[in-house]
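Undergrad: One letter stands for each residue in the lines below.
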Amino acid sequence: GNSVTQMEGPVTLSEEAFLTINCTYTATGYPSLFWYVQYPGEGLQLLLKATKADDKGSNKGFEATYRKETTSFHLEKGSVQVSDSAVYFCALTVNTGNQFYFGTGTSLTVIP
Amino acid sequence: EAQVTQNPRYLITVTGKKLTVTCSQNMNHEYMSWYRQDPGLGLRQIYYSMNVEVTDKGDVPEGYKVSRKEKRNFPLILESPSPNQTSLYFCASSRLAGTYNEQFFGPGTRLTVL
Chain A
304 GNSVTQMEGP VTLSEEAFLT INCTYTATGY PSLFWYVQYP GEGLQLLLKA
354 TKADDKGSNK GFEATYRKET TSFHLEKGSV QVSDSAVYFC ALTVNTGNQF
404 YFGTGTSLTV IP
Chain B
32 EAQVTQNPRY LITVTGKKLT VTCSQNMNHE YMSWYRQDPG LGLRQIYYSM
82 NVEVTDKGDV PEGYKVSRKE KRNFPLILES PSPNQTSLYF CASSRLAGTY
132 NEQFFGPGTR LTVL
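Which chain is which? The protein sequence lines are A and B, in order. Counting from 1 along the first sequence, just add 303 to a position and that's the residue number in this note's numbering. Counting from 1 along the second sequence, just add 31 to a position and that's the residue number in this note's numbering.
In case anyone wonders, no lab produced these hints; they're calculated from the structure. Mixed in with the good hints, there may be bad ones.
To be verified - With a cut-off of at most 30 Å between alpha-carbon atoms, the simulated DSSO-like pairs for lysine-lysine come out as follows: (1) A:Lys-380 <-> A:Lys-363; (2) B:Lys-88 <-> A:Lys-355; (3) B:Lys-88 <-> A:Lys-371; (4) B:Lys-48 <-> B:Lys-96.
Keep in mind the model is a prediction, meaning the values are calculated, not measured.
Based on the provided sequences and hints, a complete structural model is requested.
TA: Listed below in structure tokens is the structure:
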């Protein structure tokens, strides 16, 4: 089947620390991969995406590379800020692009 | 302002009392979807719609109904709510169905079924 596994949280980092949130997937077809972010009390927003192997999605200093050989799409940022505190969701869609599968979410808190 | 709106934002109800959560988007999006968010389970897709009068089941459709009579609206209907449907619900829309475009999410509806 199709599923996404994210690292367990919560994650607490100091400002300017390096961030990695792990995401691995299983898919019956050729997936497209996404990272969404949810700020407190809000809906999800797309952070970045990659639609084919070796693509790198990037936005607001965050990056993730679609690794087909390891079925992974880890999220990284070189220097986090307090404003990055949120819940991060890895997600995939396959084939028709109509059905989506989300991970359980990883809560990030950045302290000054 | 381009947005997805949901109503109500908060709802407390009792087992078996039919309810409808409305979802509306003003972006002329083709694709709309409903999700529920539960602790430890993340978001799970309930139903999606690729266009007017075209809907399909997601991962967890049991106990829910949807309709898409107009492009902008996609209501979620719980005919006989049960406590296990207590959750945070999100509606989302995307410009085109069958593509990998960004989904725009509403603010969420927190439902409690007693």
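Undergrad: Next, verify each hint and record whether it holds.
TA: Quick rundown of the hints versus the structure:
1. A:Lys-380 <-> A:Lys-363: holds, 9 Å
2. B:Lys-88 <-> A:Lys-355: Satisfied, since the Cα-Cα distance of roughly 26 Å is no more than 30 Å.
3. B:Lys-88 <-> A:Lys-371: holds, 28 Å
4. B:Lys-48 <-> B:Lys-96: Holds. Lys-48 of chain B to Lys-96 of chain B sits at ~14 Å (cutoff 30 Å).
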